[in-house]
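One letter stands for each residue in the lines below.
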Amino acid sequence: MDIRAQTAVVFHLDKCIGCHTCSVACKNIWTDRKGAEYQWWNNVETKPGTGYPGKWEDQSIYNGGWVKDANGRIQLKGAGKKKGLLNIFHNPSMPTVEDYYEPFTYNYLNLIEAPPGNDQPTARPVSLITGEPMDVKMGPNWDDDLSGTPDYARNDPNLAALTPAERSAMFQLERMAFFYLPRICNHCLNPACVASCPSGAIYKRGEDGVVLINQKVCRAWRMCVTACPYKKSYYNWHTGKSEKCILCYPRMEAGYAPACMHSCVGRIRYIGVILYDADKIEAVASAEPKDLVARQLDLMMDPFDDKVIAAAKANGIADSTIKAAQNSPSFKFIKQWGMALPLHPEFRTLPMLWYVPPLLPVMASVTQTDGAQKDKLNPIAKTWTDNWLYDTSTEELWGTVEQARFPLKYLASLFAAGETGEVSLRLKKLMAVRIYRRWKTVGDIPEAKMTKALKETGLTQESAEAIFYLTALAKFNDRFVIPAAHREQAMEMLEFTGDVKGSTGFGFREKPERGM
Amino acid sequence: MTKHNLVHGRLLALAALTMACALSAPANAATGEENFAKICGACHSIGGGKLVGPDLAGVTTRRTEDWLLKFIKSPKAMIDAGDATAVALFKEFNLVMPDATQYNDAEIKDIVAYLATKSGVAAAATPPPPPKEASPAEIARGQNLFQGLERLKNGGPACNSCHHVKNDAVIGGGVLAKELTTVFSTMGTPGINAILGKPPFPVMAAAYAEHPLTDDESAALVGFLQDADKKHELQQPRDYGFRLVWSGAAALVPLMGLYSLIWRKRKVRPVNDKVFDRQVKGGDDVAQ
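Residue numbers (this note's numbering), protein chains in the order written: chain A, 1 to 516; chain B, 1 to 288.
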């Protein structure tokens with residue numbers, strides 16, 4: 001048992017309102033620089049949709065992630081010594097600026113500096129790459145809210161898992177739905193970007209598992225850009241180095257949540273430590289597709305288990321980190337309650353960003369009303385002219401899970417390597433908590449039905465209550481459980497702090513001078 | 001004689017000597033001899049017979065000093081200007097003497113002065129003995145030395161770094177310096193030996209200054225060059241003419257086929273191409 005600590009993140013998709021505040025917070029802090037304008041370390045996609053960069057999930061285009069070879073061992077799909085050498089002068093799977101978008105700004109100054117004339121001055125779009133005026137053709141969230149469109153929703157790579165009939169049913173106007181998928185770097189346990197880097201510039205931090213690119217070592221091979229199946233490593237054309245999400249480690253080391261999580265309006269984001277067994281990584285990453293989710297859960301160890309704690313201490317994991325792991329919202333959602341799923345586990349990178357699947361857009365049905373409701377209303381009340389009702393209630397216990405507006409196969413393609421059982425179990429759990437709360441607060445659901453719902457999903461009233469609390473009421477410190485970074489210990493490994501004892505503080509970068 | 005007179009007399013004598021020296025100084029035959037050995041000796045002898053260039057015994061009686069100075073300074077300029085003697089020399093020796101760009105006028109004058117002191121030496125009556133044939137082992141060694149298969153003992157660069165010889169046995173050499181296929185007919189054993197021993201060309205001199213060739217290496221190289229010269233007419237590389245172009249074009253087709261097979265899964269178009277196309281065309285391919 002080789003116990004290590006990993007910062008794991010949970011996004012609760014039912015709560016995401018698609019406001020892009022996270023993306024803007026991230027952009028303002030990290031990527032508002034020349035060469036980084038097109039980099040969205042955090043982005044929010046509309047699903048069904050093609051995402052950013054376009055069709056990133058389709059590895060027949062980008063050749064990212066891992067695949068199993070004939071011997072059952074995993075290999076990088078598009079990188080490695082042989083493939084790297086073959087493509088040394090031109091990597092054929094590399095995303096181009098057209099796959100992202102040409103970053104642009106507007107010539108705002110023209111609005112106030114234009115000379116007097118007959119026409120109203122305009123702010124023309126200007127390319128941030130060439131500086132020339134341009135026609136804006138694409139943006140980082142061009143598919144926002146455009147479910148059902150031929151350009152985006154119908155090109156979603158996950159639709160490949162569906163039959164044509166299921167696909168067209170999904171986009172019937174009455175059944176049309178969508179949800180948001182915010183994405184950051186997954187800080188995977190088996191990162192393909194790290195494995196693919198010929199310069200050894202990418203590394204996974206031992207203390208918290210954050211994956212970083214050393215900007216001094218990066219040699220612009222850009223193998224990480226193609227190898228990352230989530231396309232979360234970006235090449236900065238100005239500095240000639242690749243960059244990626246750093247999980248705001250300077251903030252985390254100071255005890256703050258990453259900016260995207262801190263600013264999240266819907267409070268969908270949870271961050272905490274999990275303890276995992278690094279000995280099992282290769283075996284889990286090579287598991288059969290249907291077992292991938294279950295085996296990944298096996299990887300995560302119980303932080304209350306004495307053996308695990310002893311092994312963690314033997315590996316130098318601080319007591320504060322173990323305590324944070326016991327308190328971790330991520331551990332609760334992912335392992336304890338089993339409510340979250342990893343995004344595209346079939347890429348075999350063992351992502352450490354898990355998603356609580358969206359219930360509402362999937363479950364809610366649209367039924368025709370008989371006009372009875374309208375009769376009850378005041379005659380002058382404004383009513384919808386159509387006679388359709390958006391309905392989230394259900395007569396049968398799990399009826400709507402089976403008849404979801406999105407076929408479960410679609411969600412399974414996204415979150416469970418095609419294993420629909422994993423998705424329906426989590427949807428049922430979400431639903432059970434709702435049924436429990438409705439029984440408790442509204443009281444129009446019989447207790448027997450509530451008990452049955454909890455029992456069938458393996459929940460108890462206490463756990464349902466805890467899930468409800470962490471979902472709906474959780475405060476800052478419940479959602480973000482960040483252990484002390486212990487930078488002082490790291491520093492003591494590099495230098496003897498006693499050397500500066502007796503001098504003022506810990507020394508000066510510039511010595512103060514006497515006088516004015 | 002008083003002491004004063006004695007000093008006075010010595011001073012006068014010194015002054016006279018100085019005057020004499022000053023008058024005769026413009027050309028110092030001693031320096032000239034040194035330079036001759038260093039610069040000219042590789043190709044010219046005085047009374048030793050024809051080497052690469054003519055025997056210079058009595059040259060100052062044949063030509064005027066002015067002509068000699070001009071010719072040494074830049075033989076090429078003289079030939080280009082159509083000087084009859086220079087052109088005749090060029091025709092006889094089929095070789096242009098290198099310009100003396102790195103030597104100043106005074107140094108050239110010294111050399112001419114030295115030549116003048118030797119004006120009495122008679123030109124060699126008999127031509128030098130015919131070159132002796134090298135043994136096959138020597139030729140093979142020369143061949144290896146030439147293309148660097150055998151390292152030169154003192155670490156000098158192999159000949160084919162700069163020189164080319166048309167010979168099927170060796171790979172093509174550089175084009176930085178003169179092609180040496182027929183150098184043997186032009187220069188003969190003594191000429192080549194002299195150049196290898198004391199290269200008169202600045203680049204070659206610099207390259208071999210610290211890494212001189214040994215005598216047996218020079219002999220082997222001369223043997224090889226002689227052999228190459230003798231055989232060079234039999235060693236015509238084949239001329240493929242346009243067939244080369246056509247075969248290249250024909251080979252390109254399967255090569256491109258192979259490439260498209262290897263990289264058949266490459267990303268040819270950006271994934272958003274259809275979206276862009278539709279924006280430009282205005283929605284032609286969208287089912288309404």
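One or more hints might be untrue.
Here are some chain A residues the structure puts well away from chain B; computed CB gaps all over 12 Å [said to hold, decoys possible]:
(1) Asp2
(2) Gly78
(3) Met94
(4) Thr130
(5) Asp145
(6) Val265
Capping the alpha-carbon separation at 27 Å, the derived lysine-lysine pairs in BS3-like fashion look like this [claimed, not checked]:
(7) B:Lys265 with A:Lys81
(8) A:Lys82 with A:Lys204
(9) A:Lys137 with B:Lys274
(10) A:Lys82 with B:Lys265
If you are wondering where the hints come from, they were derived from the structure by calculation, not from laboratory data.
Every residue gets a Cβ at the ideal spot worked out from N, C-alpha and C, and that includes glycine.
Violating hint indices (sorted, rising): 2 and 3
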